[in-house]
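6 protein chains.
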Amino acid sequence: MELIEKLRAAPVAGLSAQLRRRGLHRVFIDGVAPLTPGSSLIGRARTLRFIPLREDLFARHGGGHNAQKRLFDSVGPGEVIVIEARGFPHAGTLGDILALRAQVAGAAGVVTDGAVRDARAVAGIGVPVFAQGAHPAVLGREHVPWEHDVAIACGGAAVEPGDWVVGDDDGVIVIPPDLAEEVADATIAQEQEDAWIAERVAEGHPLDGLFPMSAEWRRRFDERDAGADA
Amino acid sequence: MELIEKLRAAPVAGLSAQLRRRGLHRVFIDGVAPLTPGSSLIGRARTLRFIPLREDLFARHGGGHNAQKRLFDSVGPGEVIVIEARGFPHAGTLGDILALRAQVAGAAGVVTDGAVRDARAVAGIGVPVFAQGAHPAVLGREHVPWEHDVAIACGGAAVEPGDWVVGDDDGVIVIPPDLAEEVADATIAQEQEDAWIAERVAEGHPLDGLFPMSAEWRRRFDERDAGADA
Amino acid sequence: MELIEKLRAAPVAGLSAQLRRRGLHRVFIDGVAPLTPGSSLIGRARTLRFIPLREDLFARHGGGHNAQKRLFDSVGPGEVIVIEARGFPHAGTLGDILALRAQVAGAAGVVTDGAVRDARAVAGIGVPVFAQGAHPAVLGREHVPWEHDVAIACGGAAVEPGDWVVGDDDGVIVIPPDLAEEVADATIAQEQEDAWIAERVAEGHPLDGLFPMSAEWRRRFDERDAGADA
Amino acid sequence: MELIEKLRAAPVAGLSAQLRRRGLHRVFIDGVAPLTPGSSLIGRARTLRFIPLREDLFARHGGGHNAQKRLFDSVGPGEVIVIEARGFPHAGTLGDILALRAQVAGAAGVVTDGAVRDARAVAGIGVPVFAQGAHPAVLGREHVPWEHDVAIACGGAAVEPGDWVVGDDDGVIVIPPDLAEEVADATIAQEQEDAWIAERVAEGHPLDGLFPMSAEWRRRFDERDAGADA
Amino acid sequence: MELIEKLRAAPVAGLSAQLRRRGLHRVFIDGVAPLTPGSSLIGRARTLRFIPLREDLFARHGGGHNAQKRLFDSVGPGEVIVIEARGFPHAGTLGDILALRAQVAGAAGVVTDGAVRDARAVAGIGVPVFAQGAHPAVLGREHVPWEHDVAIACGGAAVEPGDWVVGDDDGVIVIPPDLAEEVADATIAQEQEDAWIAERVAEGHPLDGLFPMSAEWRRRFDERDAGADA
Amino acid sequence: MELIEKLRAAPVAGLSAQLRRRGLHRVFIDGVAPLTPGSSLIGRARTLRFIPLREDLFARHGGGHNAQKRLFDSVGPGEVIVIEARGFPHAGTLGDILALRAQVAGAAGVVTDGAVRDARAVAGIGVPVFAQGAHPAVLGREHVPWEHDVAIACGGAAVEPGDWVVGDDDGVIVIPPDLAEEVADATIAQEQEDAWIAERVAEGHPLDGLFPMSAEWRRRFDERDAGADA
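Protein chains in written order, with my numbering: chain A, 1 to 230; chain B, 1 to 230; chain C, 1 to 230; chain D, 1 to 230; chain E, 1 to 230; chain F, 1 to 230.
The hints are simulated quantities; they were obtained by calculation from the structure and are not laboratory data.
In this text the structure is predicted, and so the values were computed from the model without any measurement.
Careful, some of the hints might be misleading.
Stated by the list, open to error - To give a feel for the contact side, a few chain F residues facing chain A, derived at Cβ under 7 Å:
(1) ILE51
(2) LEU53
(3) LEU57
(4) ARG60
(5) VAL104
(6) ALA121
(7) GLY124
(8) GLY126
(9) ALA158
(10) PRO176
Note that CB positions come from ideal geometry on N, CA and C, so glycine has one too.
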């Protein structure tokens, strides 16, 4: 199975638990949710950094083919645009034309810790967008688009270009590329174990000894395939 | 009518108004909402207290059959698990296996002022869950599960084991057991009055003298059944 | 086309951008959302000011036909009730009977930076309500209804009686009456331009030179009707 | 003793406790502190209401002899200017020239839930100023000065013109005029009782039975003057 | 040197760094400061847990010799009272009589993540008090004193009875008893190293290679006593 | 007079008002205060950007001669170090050794929207430090030091290397270099005018017509030197 397929099969909650076991506790892009509940997102990060509005800097860097538009023009298939908006909820950080550009370019999604303008239209385009919410203001209310493809802060997480970014209804996490395969494999294995535990719970077994599994329950878990194979 | 049936017939907004008339102003578990809009919740509180993560305390109390799991293993029909997560939004406080355990045990619901992991799966299980939101992190990101069945703070409200806990789309409230019957009765009576007022408003009557009712309007209200009986 | 029809055709995001070009940057009622996603709201402001609960003032001004009820009794067709609740999320500022009164009176909607009681019932009445959220508490938990039809603060915006108030899924803005026609016209024109740009983006054109339009792209845009007319 | 002398002898903490006994729980102007620690403030409220900056309203109401300056020009001896700045910390609400005007006019102080410009200079003028902090921005960064001598919200408290306003290092409270004498008298009496209790605690007596006083301790307290008189 | 003397010689910043090296990252009681800048605090924790005000529970547990007063009556020499006030800034959690009781009993200090009443008087008593700030309200505005000598949350940190609590101008930390000696020793050693580095920096040496020390600088550091001893 | 002397003579409040007149409204580094009240700060910005802690990135970039230390090693006379700590209050961003290094290098000051460790020691070194507060934690609790001398966000303001940074008790502002001379001159002129107005206010003149000055008052102001010269 391709790595991306494995990640698609792995819930964000499970991936984050595996990262935690490997000492990575700060991988959460907090405070964002999918515009369309139930949508998910997987891809490699392309980053965009805004700095706070300052009128002289906006005059020099805000207009024309600015950093934001350069990024959307250069995004490619499978990439996720991740925007540092310093968690400011009351200004848009992209609108429907940019979302459409991302969709046409085959981008895998957009994550912003700011807001989305034209949120209903953006939700209808199809490219998954995870944001803090909707707001009608243009980004110039609060931001100067500054540079792309540098390390950024988004929702309290550090994101480097090339990081894996994975999101579902629970939220969005960042996975360092060199850990992605291992973490995805471990998550899928754990999911199978948890599914089996859930079946036992559904049968009425208490959590005690089962979740986490005692030696006895693990023996039964390990033997489950034997019976299935017979 | 059984008390629980009365509470089921009483909207949370109405119950809280009756508690207020009896001098109880601090009964709201603020900041929580049902994972599935439109769901409601009624039952007696079983409480769970988390304390902030401290690595040495987690090592001693966080694993195995900890306080959280002991509570879910001992929950019974009609009980509502209420979790003190100190309002921290960025860590899970239960996931799908625990929610399933609560469902199997016949619990009436779960209220947490923290987040839910596997939120989509949890919502699908059926047991009503009211939470601050969804987050993929395990509880060990922020909490040590400490003890159960003690007085706690949840969403700014004090909750004692055995309190009635009632929730709908407006939010969740706590009702001291010795007031529950009286408050439920008064709420249902008030609902009938309000429904009659709403009919008059729908007919085009202004609020003046009607809401609250003047002596004249109350006379008509009191006479409404006479006409109906005739 | 009537002004109100123009405003109906104009998205809030577009209107706010035109206000911004005219030097109006502080027109956003932040932190509110429609109870029913997808609903919109257009009308002239009728304002209501609450002050913080103080028990002696509530005793004198809170009951009977108070300022809140006087406003709902006097609201007329096409008017939008706008409530200053100082952004407090944990107390209702209207309930189902008042919402019904507004609906019967032909009001165009309600905006409150506080909460709504009986939120599910209110959503079902039909009059568009934009609020910070739902809460079961009566307004007396936090407010004294004080006066109506004065300048207020709502969601961080100043609102005068008679201002146009326009809302959709992106949020709610305030438009000074003397600018409304000009801003609506400019928004509709800009929407046509943006729609044409979106078509070009959908065809695969990059943003560079197109959004915003270079002289060359603008020439093509200006000629689009010539071809269409031929 | 004059009322104002009694209030001067009464700590804010004690006054608030007496208001509480009379059912007034919401009398605190929260979040403000004296620019000069240790200063205190007593007087009758003159109120000033700001609304959020809106560029068109500021053009009409912000300049010249605006509401803010009209109030400072009309303030008289013993009056306390109380400013509603909606708790916004990042804009000045008065500076050194206005503070000087208040001082010259004999004002008893200024309370603002916004910031003070030229804070060091203002602290040096002598008139007591209680504020949320210091900030260099002019009020036009965030506010339109709107009207004076109306009921306002300041630091979460409702303040009417004419209310007593009393502040010390613990904070600032509002006292309805008709309760001031009674509350001041009760506070002074309670202070004497507390001082006597403190002497007993200093002697090593435990709190049990003493604070609050048992019948036995109260008997000794009541007899203390007999001995002193003998 | 006695443990307490070692802790007295160790700055809080240094102690927290040593705890961090031993895997303890969550030891900070955030958001509190000494009433008297420059004061410090060292002792073993005696804990006090408040729950949110609920009128019926306050009636049963708030008055008389409640949990708060039982704790202050039982505090002993060298102990630090640590109060869980859920970080609420706008209600007192102790006043001058209780602070005096703690002083008389020889307590080493008080830490509360709520406010202090009679703050100026409390500061004058002498027992070190670290709090979120001052507020005139009694604790009954927000709290029910519930129980003492249980694990609590204070300023985001878990505190168990018997933990070492150490505070200075940087803030307050918690040290598990079994780590205190080791951490204090390591801090004092590190302080000596840092002092020597500071001397080199004062001489004009750059940080590169010195802070942290390279092998060469460490050799010189290790040899410093040889020269001193000679 | 040298530019720096002019800036030294100009209060921050006055400078910000002149920037505002030139269309620069977003120049405030909000939320910071001098460790030593009354100190001021003037110099050219050297910037430092932190990104959120991520354990794998800290392992690669956090130790040794990291970006923070490279900046402190390269700072020169008259320069102000400005640190982007994303406004996080609960981790140090510099301590006494780094502050000493800045002092030895002749730096004009440090501004951080995070906290300072060893705050008392840092305050004693002499180099002016403006920060959000004190905290004992090392920066690794929350940050990875990432890069220096790039545009950053600090306290809500964009800061470019080379910007003038000026602070006093009112707060800290940023001045674009090409505006500094003009703004300083205008501020000093305005200060003279305000001082003259203050004298008139001290004499008992009302604000009406004086502040801002009417034509008549301005005539008297313009003639003041004639009399003085005579």
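Hints and how they fare:
At its closest, the beta carbon of F/ILE51 sits 4 Å from a beta carbon of chain A; the interface hint therefore holds under the 7 Å criterion. For F/LEU53, the interface hint holds, the least distance from its beta-carbon to any beta-carbon of chain A being 5 Å, beneath 7 Å. With a least beta-carbon distance of about 6 Å to chain A, the hint placing F/LEU57 at the interface is held under the 7 Å criterion. With its C-beta approaching chain A no nearer than about 10 Å, F/ARG60 sits outside the 7 Å limit, and its interface hint is violated.
Taken as an interface hint, F/VAL104 does not check out: its beta carbon lies about 31 Å from the nearest beta carbon of chain A, beyond 7 Å. Of the supplied interface hints, the one on F/ALA121 is violated, with its beta-carbon coming no nearer than about 29 Å to a beta-carbon of chain A, more than 7 Å. With a least beta-carbon distance of about 33 Å to chain A, the hint placing F/GLY124 at the interface is violated under the 7 Å criterion. The closest approach between the C-beta of F/GLY126 and any C-beta of chain A is roughly 31 Å, which is over the 7 Å cut-off, so the hint fails.
Evaluation of the F/ALA158 hint against chain A yields a held restraint, the C-beta minimum of about 4 Å falling below 7 Å. Among the interface hints, the one on F/PRO176 holds; its C-beta lies about 5 Å from the nearest C-beta in chain A, closer than the 7 Å criterion.
Violation of the numbered hints given earlier is confined to hints 4, 5, 6, 7 and 8; the remaining hints are satisfied by the structure.
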